[in-house]
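**Q** Residue numbers (this note's numbering), protein chains in the order written: chain A, 1 to 421; chain B, 1 to 421.
Treat the hints as calculated values from the structure; they're not laboratory data.
Check each hint, because a few of them may be wrong.
If several chains are the same, the list does not tell them apart, and a pair holds so long as it fits within one copy or across any two.
Said to hold, decoys possible - With a straight-line cut-off of 25 Å between C-alpha atoms, the simulated BS3-like cross-links for lysine-lysine are: (1) K270 - K244; (2) K287 - K15; (3) K112 - K15; (4) K109 - K295; (5) K151 - K109; (6) K151 - K221; (7) K229 - K111; (8) K229 - K287; (9) K109 - K244; (10) K287 - K221; (11) K229 - K151; (12) K270 - K295; (13) K151 - K295; (14) K287 - K109; (15) K15 - K229.
Quick caveat: nothing in here was measured; it's all calculated off a predicted structure.
2 protein chains.
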Amino acid sequence: MNLTEQMTELARNAKAAAHQMTRLNTADKNTSLVAMADAIEANAAAIREANAMDMETGRSMELPQPMLDRLLLDDSRITGMANGLREVAALPDPVGRVLDERNRPSGLKLKKIAAPIGVVVMIYESRPNVTADAAGLCFKSSNVTILRGGKEALHSNQIIARLMTEAGENACEAFPAHAIQVVPTTDRAAIPELLSLTEFVDLCIPRGGEGLIRAVAECSKVPVIKHYKGICSVYLDAAADADKAIAITVNSKTHRTGVCNAMETLLIDKAIAPALLPQVAEALRAKGVELRVDKTGAGILGGDITAATSADWDTEFLDLICAVRVVDGIDGAIAHINAHGSGHTDSIVTENVTTARRFQQEVDSSTVFWNASTRFSDGGEFGMGAEIGISTDKIGARGPMGLEELTTYKWIGEGNGLTRD
Amino acid sequence: MNLTEQMTELARNAKAAAHQMTRLNTADKNTSLVAMADAIEANAAAIREANAMDMETGRSMELPQPMLDRLLLDDSRITGMANGLREVAALPDPVGRVLDERNRPSGLKLKKIAAPIGVVVMIYESRPNVTADAAGLCFKSSNVTILRGGKEALHSNQIIARLMTEAGENACEAFPAHAIQVVPTTDRAAIPELLSLTEFVDLCIPRGGEGLIRAVAECSKVPVIKHYKGICSVYLDAAADADKAIAITVNSKTHRTGVCNAMETLLIDKAIAPALLPQVAEALRAKGVELRVDKTGAGILGGDITAATSADWDTEFLDLICAVRVVDGIDGAIAHINAHGSGHTDSIVTENVTTARRFQQEVDSSTVFWNASTRFSDGGEFGMGAEIGISTDKIGARGPMGLEELTTYKWIGEGNGLTRD
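Let the hints inform the model, and build the full structure from the sequences given.
**A** Laid out in structure tokens, this is it:
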């Protein structure tokens with residue numbers, strides 16, 4: 001088989017499994033997930049062995065240490081995968097929820113019901129624990145997964161998918177053999193092949209760096225739900241409480257720096273900047289943050305300041321670096337965010353409810369906070385239980401994506417021999 | 001300006017208008033819509049005059065009569081446009097609806113709120129009344145429209161958009177000047193240019209024939225919500241009531257034939273076919289329907305029967321033609337529909353609730369009816385008040401699209417100086 005035939009067969013099998021999945025009930029799915037968790041723990045040695053081959057490949061490719069760290073599956077990560085699957089088993093089933101219900105004058109009884117999306121292609125980098133997480137979440141939402149992790153992780157991914165499939169088949173008679181598949185080749189050309197099969201593939205969710213995600217979105221013929229980056233801003237309004245302003249700014253920037261919901265840009269109202277900016281700057285610097293400040297801000301702070309360049313407004317630093325800009329009130333803040341933000345998460349600090357509501361209405365981002373750190377933009381903090389990604393798209397999921405965001409809906413209607421006049 | 005610059009300016013203006021739109025409240029929008037309706041009626045003569053130029057162009061291009069009919073704006077269609085806008089004004093505002101609400105243990109108060117999508121490009125054929133309908137629905141949902149109708153309709157579309165804009169500006173101080181724009185050129189290359197501007201355009205909704213929609217989907221870099229065609233099936237189960245089966249089959253096929261929710265394929269359980277198929281066939285033929293029947297069905301019906309070819313299972317006839325297939329129970333019906341249907345609307349006729357529920361769960365279509373005609377798959381019948389299209393996509397809107405389907409959501413959260421531990 002050539003690559004096209006191989007990918008077509010993979011995707012056709014997935015589509016057939018997607019139909020079989022619609023017959024599984026909640027108990028079938030939960031029993032399978034718990035059995036998968038047990039199998040992963042029981043076969044920890046085999047997983048470590050497969051992973052050792054991947055680590056060897058990674059070292060021979062001279063991968064940098066942080067990438068090798070992410071590739072590693074030790075006992076604690078293996079237990080983490082198993083517990084993750086048990087947590088997903090314990091979450092409510094997102095399929096079948098009644099989203100709307102209408103009884104029409106014609107006699108038509110209508111319901112809008114949450115339904116699985118179908119075949120979901122997951123593309124991610126070399127973190128093999130994502131394999132279990134993503135496959136588990138897709139399975140719980142009655143979706144079929146085709147998994148494509150980094151090429152260095154192939155052995156790890158294959159054994160995880162195989163253990164999950166075998167456990168599912170043993171636990172549940174109706175378990176579809178192709179519910180969880182790993183793309184069996186590391187050929188890069190497999191991705192565009194797979195993502196051209198609109199007849200079989202319903203959705204692609206890429207996770208990873210901006211380059212990977214752009215390459216996927218560029219080549220895909222199927223819908224892609226994604227976020228490229230998180231350029232999150234905190235805006236300190238003239239009516240901000242100083243203590244809250246400092247706490248939220250420092251937490252948003254420094255709680256974790258390498259994550260998409262960390263603050264990258266601090267905006268401050270010119271009316272309060274002379275009083276507040278020096279305190280905020282001192283608190284950030286005390287945490288080791290390098291400030292890149294616009295002209296007005298530099299004038300207020302004085303001393304030896306790094307000037308912000310225009311590129312800084314559009315940069316996701318993912319580091320202890322913060323762009324700082326003095327703006328002309330809420331209009332300036334909203335204009336800056338809608339022009340330079342990434343539609344991810346932005347926060348206003350103010351005691352003025354009218355200003356807060358305007359900010360939340362006019363900032364065009366998936367999540368808009370008032371007096372809260374941008375770090376709360378997270379599936380766990382939102383109570384989703386588990387997160388498969390964050391979307392800055394507007395069609396389909398927006399913001400943190402949990403189980404519910406892995407469903408679409410269908411309308412089901414009934415009459416009693418109803419015909420239209 | 002070259003075409004790229006022209007489209008970029010158009011789209012940039014639209015994006016700026018999209019931000020201004022978020023400041024309009026429900027009363028602003030409704031007052032504007034009623035003023036637009038009045039302006040269209042008050043300027044009927046000018047609209048007819050512009051339309052006469054388009055009709056002249058259409059005749060000189062030797063357009064077929066049905067296309068000329070659709071291009072025509074007479075007084076009744078002009079009144080229809082005005083009344084359509086008044087009806088949209090009377091519908092509830094879809095923006096700001098609270099879709100979900102959560103108070104988290106951290107102290108974070110979260111709401112999931114319906115929000116406008118932003119800039120919507122509408123692409124359609126030469127029905128200038130669609131201009132007012134689409135612009136009105138987008139405006140009510142706080143979206144900005146860029147309208148691109150058939151080239152023969154340019155003068156009609158331009159005067160409608162101009163009258164709506166002037167009326168809006170007179171009625172509402174905050175009305176954005178670029179809320180409703182018509183692509184000012186008939187150059188075909190304008191469409192791919194416009195749909196490559198992911199920075200400014202949020203969504204494209206194409207309406208028209210399959211060729212138009214495929215061409216748009218093929219070239220677009222922005223999300224497209226669409227349906228290609230409606231290959232709708234009715235399945236007559238072994239437990240079908242004969243009277244309901246005949247009534248629903250005839251209504252689904254013949255109530256209107258040229259529409260996407262008309263039945264194209266009749267599926268009948270082999271257990272009931274010998275008894276029921278002859279009656280159903282007679283009722284269809286009495287309405288002038290040509291049957292194209294599979295081998296088993298032909299054996300039952302006898303006489304001079306047109307044999308169905310395999311292409312017939314995948315054809316949207318849009319005419320008094322019906323493909324007929326005898327299937328092996330509900331499994332055969334579901335397998336046929338998921339393989340050959342277009343994911344639009346399918347219906348089962350049965351008195352068995354278990355079979356009905358299985359059909360509704362396993363058929364992967366936007367709308368799945370039980371004992372009701374496929375013709376009910378329609379925004380009006382669903383109580384949406386107005387319909388901007390029907391989607392067979394699974395990401396974003398699915399099924400009939402009304403005002404609510406023209407919104408996305410955002411998460412808004414508040415704390416009281418909340419930082420993450």
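**Q** Take the hints in turn and mark each one as holding or not.
**A** Hint by hint, here is what the structure shows:
1. K270 - K244: Within. Shortest intra-copy distance 18 Å satisfies the 25 Å Cα cut-off; inter-copy 72 Å does not.
2. K287 - K15: neither (51 Å within a copy, 38 Å between copies)
3. K112 - K15: Within one copy, since 23 Å is at most 25 Å while 32 Å is not.
4. K109 - K295: Neither way: K109 and K295 sit 63 Å apart in one copy and 36 Å across, limit 25 Å.
5. K151 - K109: neither (50 Å within a copy, 42 Å between copies)
6. K151 - K221: Classified as within: same-chain Cα gap 23 Å, cross-chain 28 Å, threshold 25 Å.
7. K229 - K111: Between copies only: 23 Å across, 37 Å inside.
8. K229 - K287: within (24 Å within a copy, 59 Å between copies)
9. K109 - K244: Between copies only: 17 Å across, 51 Å inside.
10. K287 - K221: Neither: 45 Å inside a copy, 42 Å across copies.
11. K229 - K151: Within one copy, since 23 Å is at most 25 Å while 39 Å is not.
12. K270 - K295: within (12 Å within a copy, 80 Å between copies)
13. K151 - K295: For K151 and K295, neither the intra-copy (46 Å) nor the inter-copy (50 Å) Cα distance is at most 25 Å.
14. K287 - K109: neither (60 Å within a copy, 28 Å between copies)
15. K15 - K229: between (31 Å within a copy, 21 Å between copies)
In terms of the numbered hints stated before, the structure departs from hints 2, 4, 5, 10, 13, 14, listed from lowest to highest.
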